[in-house]
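Taken in sequence, the protein lines are chains W and B.
With the first letter of the first sequence counted as 1, position 452 gets the number 452 in our numbering; the numbers rise by one all the way through.
With the first letter of the second sequence counted as 1, position 18 gets the number 18 in our numbering; the numbers rise by one all the way through.
These are computed hints drawn from the structure, not numbers from a lab.
Just so we're clear, the structure is a prediction, and the values are computed from it rather than from any experiment.
We put the beta carbon where it would ideally sit given N, CA and C, even for glycine.
Treat the hints loosely; a few may be bogus.
Stated by the list, open to error - Quick partial rundown of chain B residues pointing at chain W, CB under 7 Å, derived from the structure:
id, residue
1, Leu-21
2, Ile-38
3, Leu-50
4, Gly-52
What the hints assert, rightly or not - Here are a few chain B residues that face chain W, going by a calculated C-beta distance under 8 Å:
id, residue
5, Met-1
6, Leu-5
7, Leu-6
8, Ile-15
9, Leu-17
10, Asp-31
11, Leu-34
12, Thr-42
13, Ser-45
14, Tyr-54
What the hints assert, rightly or not - No farther apart than 25 Å at their CA atoms in a straight line, the calculated lysine to any residue pairs in the SDA-like style are these:
id, chain 1, residue 1, chain 2, residue 2
15, W, Lys-66, B, Met-1
16, W, Lys-410, B, Asp-31
17, W, Lys-66, B, Tyr-23
18, W, Lys-26, W, Cys-406
19, W, Lys-410, B, Met-1
20, W, Lys-98, B, Ala-55
21, W, Lys-203, B, Asp-31
22, W, Lys-66, B, Ala-25
23, W, Lys-66, B, Ile-24
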Amino acid sequence: MLLAMLLLYIAIGTAIAIASRKAGIKSIRDYYVAGGRLGRILAFGTYAATTYSAFMMIGLVGLAYKTGVMSLGFELLYLASTIYLLSTVGHRLWRLSKQRGWVSPSEMMGDLYTSRAIPVALSIMYLIAVIPYLAAQIQGVGVLLEKEGLNYRAGVALGALIILAWMSVGGMWSVASTDLYQALWMLAGGAVYVAWLANNVDKAVGGSLSALRVLGESGYLGVTGFWRPGVFLAYVTPWLFFAITNPQVIVRLFVHRDEKSYRDSVLYFSVFGFLYTIISVEIGLLARTLTLVGGLRELGREDVTPHLLSLMAPYLSSFVSVSIIAAAISTGNSIALAVASSVHRDLLAMRAKGTMRVEYSIAIQALLVTAASAIALSRSGYILDLSVMTSVLLLPQAPLVIYAVCSLEKGWPRPRLGALASLLAGFATALAYSAKLGPRKAFLSMINGLPLPILVLLISTGTLATSALLSRALRREI
Amino acid sequence: MLIELLSLLLPPVVIALMIALPYIAFSAESDYGLLFFIVASTIASIALSLLGLYARKNGGISKG
C-alpha cells in the first residue's frame with residue numbers, strides 16, 4: 001500500500017516539477033529565486049513546506065507527548081516571531097532584493113556590508129552547519145521507508161533522487177511548485193492523523209474535554225519538569241531568529257512578484273503554520289492521554305509517530321507516512337538549492353568567470369546531495385545531534401541582518417570587518433562547544449549560567465556593537 | 001502611523017511575555033490557563049504583525 005501511495009506521490013510531483021519549466025528560465029536569477037516572479041500561492045506554499053520539516057510530525061509530536069503543553073509554546077513562539085520578522089525586517093529585505101537582484105543569502109549579506117569576505121565566510125558556514133540538516137532529512141526518508149519494510153539504503157537513495165530531480169529540473173520554479181503540492185499533502189496528512197487519533201481517544205475517554213481533564217490532572221497542561229527556564233530559552237532562541245538566519249528561508253524573501261504577493265503569502269503562511277503546529281502538538285497530547293488511561297504503552301520521544309502509524313489501517317498510515325516524507329523532501333531540496341546558490345555565486349563564480357550557469361548549479365546540487373546521502377548512509381546518531389545545532393551555528397547572522405536593516409534608515413556605519421568578526425566569533429563559539437561537549441549536550445548546556453544560544457547571540461551582538469561604535473567614533477574624528 | 005508603530009512595538013512585548021509568563025503565572029498544574037494563554041498571545045502577536053504589514057504604505061520599516 002505504501003509503495004502505491006509513494007509512486008502516486010512521486011508521479012504527481014514529477015509531473016508538477018516538469019510542468020513548472022513552462023515559467024521559462026532565462027537567467028540564473030530565474031533559476032535560484034524564480035526571478036522574483038512568484039505569486040502569492042506559490043510563495044506561500046514554498047515557505048510553508050520549506051520551514052516545516054519532518055521534525056513536526058516526529059520530533060514535535062514526541063516532544064508534546066513527553067513534555068506537555070509548553071512544547072506548543074515553544075513552536076508557536078517560533079511562528080509569532082517569524083511573522084513579526086517577515087512583516088518588518090523581511091519586508092524591507094524583499095524590497096531591497098528587487099533593487100539589488102540578489103540570488104543568494106550570502107550575497108545579500110555581502111552587499112549589505114559591502115564586503116567580499118562575508119559571502120565567502122557565510123558560504124563555508126552554510127556548508128558546515130546545514131549539510132547535517134540536509135543529511136537528517138534524507139536519513140528521515142530512509143528510516144520511515146525502512147519501518148514500512150523497504151531497505152534503508154534504497155530509501156536513502158530514493159530520497160536523494162527525488163530531492164535532486166525536483167530541484168534540478170527547474171530550480172526555484174520546480175522547488176516552489178512541488179513545495180506547494182507537498183504543503184497540501186503535509187496538512188492533509190496531519191489532519192487525517194489527528195482525526196484518527198482523536199477518534200480513538202474519544203472511544204477511550206469520551207471526548208476532547210475529558211482528554212483535557214486527564215492531561216490537566218497529570219500536569220501536562222502546566223510547566224513540566226523538562227521545561228526549566230534555561231532549557232526553554234535554549235530551545236526558543238535559535239527559532240526566534242530562524243527566518244533571518246537559515247539560508248533556505250532567507251532566499252525565500254527574494255521570490256515574490258509584488259507587494260500583494262508578499263503580504264498575502266505571509267498571511268497564508270501564518271494560517272498554515274498555526275494549523276500545522278496545533279495539529280502536531282495535539283497529536284502528541286492525544287497520544288499522552290491514551291498512555292495515561294492505559295490505552296497505549298509508554299513510548300520513547302522518537303517512537304510515538306512510528307508506533308502510531310503501525311496501529312493505523314494501511315491506507316491511512318501510507319497516506320500519513322508519505323506526508324511526512326513530503327515534509328522531509330520539501331525541506332531537503334530547499335536547503336540544497338539555497339546552499340548551492342551561495343556556493344555557486346560566492347565561492348565558485350567570484351573566482352571563475354563564465355561559471356554562473358545552470359549546468360554548474362546542477363553539478364553543485366549533485367555534489368551536495370551526494371555528500372549528504374553519504375553521511376545519511378553512515379546512519380550515525382551524531383547526524384541528528386549535529387542537525388539540532390544548525391540553527392545555533394547560524395544564529396550569529398541575526399544581529400547582522402537586523403543591524404543592517406536598521407542602519408539603512410538611521411545612516412549608521414556598517415563596519416565590514418566588525419561584521420565579519422561578529423559572524424566568526426559567534427560561529428566559532430557554537431562550534432567549539434559542539435566539539436567539546438557533543439552537539440546535543442552543548443545545545444542544552446548552561447555556560448556561566450547562560451544557555452549556549454544566548455551566549456552565541458551575546459558574543460556576536462557585542463562584537464558587532466563594539467565595532468559599530470568604534471566606526472562611528474572614528475568617523476566623527478575624521 | 002499609530003498602527004505601524006504599535007505593530008512594530010507590541011509583538012516583541014507579547015513574545016517576551018510568552019517566554020516569561022509561564023514561569024511567573026502558570027507554573028501550577030491542572031489548569032487550562034497556560035494553553036489558552038499560549039494560543040491567545042500567539043494570535044494577538046500574529047494579528048498585530050500582519051496589521052502592520054498591510055498598513056504600511058511606503059513598503060518598508062524605513063525610508064532607506
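Hint check results:
1. Leu-21: violated, 10 Å
2. Ile-38: Since chain W brings a Cβ to about 5 Å from Ile-38 of chain B, closer than 7 Å, the hint holds.
3. Leu-50: For Leu-50 of chain B, the interface hint holds, since the closest Cβ of chain W sits about 6 Å away, which is under 7 Å.
4. Gly-52: It holds, given that the least Cβ distance between Gly-52 of chain B and chain W is near 6 Å, below 7 Å.
5. Met-1: violated, 15 Å
6. Leu-5: violated, 12 Å
7. Leu-6: Status violated, d = 12 Å.
8. Ile-15: holds, 6 Å
9. Leu-17: violated, 11 Å
10. Asp-31: The hint holds - Asp-31 of chain B has a Cβ within 8 Å of chain W, the shortest such distance being about 6 Å.
11. Leu-34: holds, 6 Å
12. Thr-42: Nearest chain W Cβ about 4 Å off; hint holds.
13. Ser-45: Hint on Ser-45 of chain B: holds, closest Cβ of chain W at ~4 Å, below 8 Å.
14. Tyr-54: holds, 6 Å
15. W:Lys-66 x B:Met-1: violated, 45 Å
16. W:Lys-410 x B:Asp-31: Given pair Lys-410 of chain W, Asp-31 of chain B is violated - Cα atoms ~47 Å apart, limit 25 Å.
17. W:Lys-66 x B:Tyr-23: holds, 19 Å
18. W:Lys-26 x W:Cys-406: violated, 34 Å
19. W:Lys-410 x B:Met-1: holds, 18 Å
20. W:Lys-98 x B:Ala-55: holds, 21 Å
21. W:Lys-203 x B:Asp-31: Answer holds: Lys-203 of chain W to Asp-31 of chain B is near 24 Å, not above 25 Å.
22. W:Lys-66 x B:Ala-25: Since the Cα atoms of Lys-66 of chain W and Ala-25 of chain B sit roughly 22 Å apart, the hinted pair holds (cutoff 25 Å).
23. W:Lys-66 x B:Ile-24: Answer holds: Lys-66 of chain W to Ile-24 of chain B is near 22 Å, not above 25 Å.
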